[in-house]
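J.: What follows is each chain in one-letter form.
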Amino acid sequence: MMSNQASQSPILDVKNIRKTYHLGRVKVPVLHGVDLNVRHKEWITILGASGSGKSTLMHIIGGLDRPDRHPENPASIIYGDRVITSMGAGALNAYRSTEVGFVFQFYHLLPELDILQNICIGSMIRYGRFGYRSHRKGVESRAMELLDRFGLSDRMKHRPAELSGGERQRVAIARALINEPALLLADEPTGNLDLKTGESILDVLAELRQSSGLTMVMVTHDERIAARADRVIRLIDGRVVEQTGVGSA
Amino acid sequence: MPILAMLAVMLSVATILITWSVMGGFLKTLVNSGRSLIGDVTVSWPNVGFAHYEELIGMLEEDEMIDGATPIIETFGLIQLPDDRIELITIKGIDPVSYDRVTNYTDTIWWKPLEEPTAKDRDGSDVRLDPQFTGAMAMFESNAVTLTRFNQDSGQTERAGVLGVEVTGLNIRTEDGIYDPRAFGFRATPDGGVERVPGFMPAGGSVGLTVLSLDSTGKPVDPVTRTIPIANEFQSGIFEIDQSTIFVPLETMQEMLRLDEARKVELVENPFATEVDPVTGKRRPKMSEVVGIDPARVTTVLVRSADGADLQEVRDRVYEIYTAFEEKHVGEVPSSFSMENQIRTWEDLNATMINAVKKETGLVLFIFGIVSFTSVFLVLAIFWSMISEKTKDIGILRALGASTTGVAWLWIRYGTAIGLIGASLGTAAGYAVVININSIHDWLGRTFNLVIWDPRTYYFIEIPSEVELDKAIIVFVVGVLTCVLGSLIPAFRSARMDPVKALRFE
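Chains as they are written, first to last, in the numbering used here: chain V, 1 to 249; chain G, 1001 to 1506.
Hints should not be assumed to be uniformly reliable.
[Said to hold, decoys possible] With the C-beta cut set under 7 Å, the calculated list includes, among others, these residues of chain G facing chain V:
| id | residue |
| --- | --- |
| 1 | LEU1378 |
| 2 | LEU1380 |
| 3 | ASP1393 |
| 4 | ALA1399 |
| 5 | LEU1400 |
Rather than coming from a laboratory, the hints here were simulated on the basis of the structure. Glycine included, every Cβ here is placed at the ideal spot set by N, Cα and C.
Whenever a hint applies, use it, and build me the whole structure from the sequences.
T.: Here you go:
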């Protein structure tokens, strides 16, 4: 499914991203100079086989990891008017907290917390221990609104272990959205779900994008899922080999 | 796992608190017992003694920092016990009335009527409780208070002494913490046989005391021996004192040591000199001329300070008073310069004993402290393991925007919370054990036949069971810090975790 609601203004401009992991003395290059451009409200999918570097690229875009330094040909990630690659640790924390929402394949919910707490924890981190007190009502109200939207309002006091895989992923999406980020980064969000549940999760994401105007970058190895995005970027061995879809560069 | 960390902190806090409280209580009890027969400050000029002591006592008692003062003579001598053993003994000549005002003398008297059994005497086997002996016990007590005993043979009341309860070896200390006096002892006779001698000293027993008297210049004159009837026995709580001390009337010691009032005479150097007897008017050999009175002397004046007075200040005040006293009797009493080191507090006098117990307490605390310090490593290991288990959660928090310091703080706060709970429980448990330590000890004895604090071995009937607030606070704070310290390195590790690796952690 292709949609043309993405604006022309870029939200993310990624240039020359290289990344090499060091396994002991062995260097394992993962990304070999990736360039990428994402527009406002666009849904792009990074498609690639396992080990192609798509998750690494997503982590770097999300400020969880940093690209290699190459002074002669430096990497850059520009988000809006901010250069992510030049940010310090504190600014990156704030970027992850307010601008980006992560959704992972294995949900990564905190097992000791109930569903409501799992969703609100992003806001606790954003506002801090004392600041959260003054925002608590608003945050919980938004969390309940999201739960209601995802059909989980009756499960808010449950623990993650008491939920099905699809329900857990919805909770993870709600957690990613609690701080109203502009950019949602989803790493194989349906990879751990059966086909039907996976479809329902994609429907949720599509609906969200429709209603909230989210920009979404999704990583997957599934061609069918990729087909729902505005644009598909195919990654092979750490290189962008193809871009297809609306407005593909 | 957090419960394990909490238990480690709780146990170490409880152990230290119990050890410190019991050892501290032991020291306190020991010191108070030692102080009970010494007073607060002593003015001492050993052996030769000093005169005009009654005037000094008067001057001392006028001062508001001083509650009272008493003269005593303290010396060493030989005691001949009922079985003819001869032992070295500390002899204290006292004036029982003023001595009791300055010390707790009457409290230490052992043979007296009791209304309630002592703490460990559950079956009430103490002879002092027996109604048929109440009258006799009252008489023994009265004899101790006056240091006298009625002699039925002569019909006279004689000066008597009070022995330390362990001196004769005829009082057997039982596991109930009381004394079971033997009815009789034995003495070897010259023909190779043995004969019975009274075992219960206050009822007809007597000892022989031998002292070496000195003249006013300190030269030995001759040994003096007297038989001293025993009025009663005392227990101070310090075994060394109770095993080697006897109280006798001050006058007796003054006489035996030639410290009593005496006339000063001028010796006639010419053996053929004569003079006229003023009574008969006839000539007679020239008599020695009385040129003055040598006043009675004592070796020590004990001073009791007013309640709440600082001991060192009282000591300094006593020295000032002595200086004024010496100015009135220059040349007759030891100079204030010489007395500088002879006016001492009870703490100075017992410094060896007090320091020994303090060092012992410190050593035990040090050892337990080291043992308890292992809880730091235990907490460290537990937190390390917990952080390993929560690696993925740490990655999630980082992905949600948590800072490295925020993650570290999370663990440090967790460590602090566990420390607070563990230390609170440990303090409560330690407090509960200390205040019930005697009941617990008794239960162990009854159930497992395990007796650690045997009254036959330890002089205090009961284990000290007082928790001091400042000690409890220190132990509590150290307990919390232990946990915080143990969580620091794991917290630092969690903060340094690569969030990507943490998220991929399986």
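J.: With reference to the structure, classify each hint as holding or not holding.
T.: Okay, the hints, checked on the actual structure:
1. LEU1378: 23 Å, violated
2. LEU1380: Violated, about 22 Å.
3. ASP1393: Nearest chain V Cβ about 6 Å off; hint holds.
4. ALA1399: 5 Å, holds
5. LEU1400: 5 Å, holds
Violated hints, in rising order: 1 and 2; the structure is consistent with all others.
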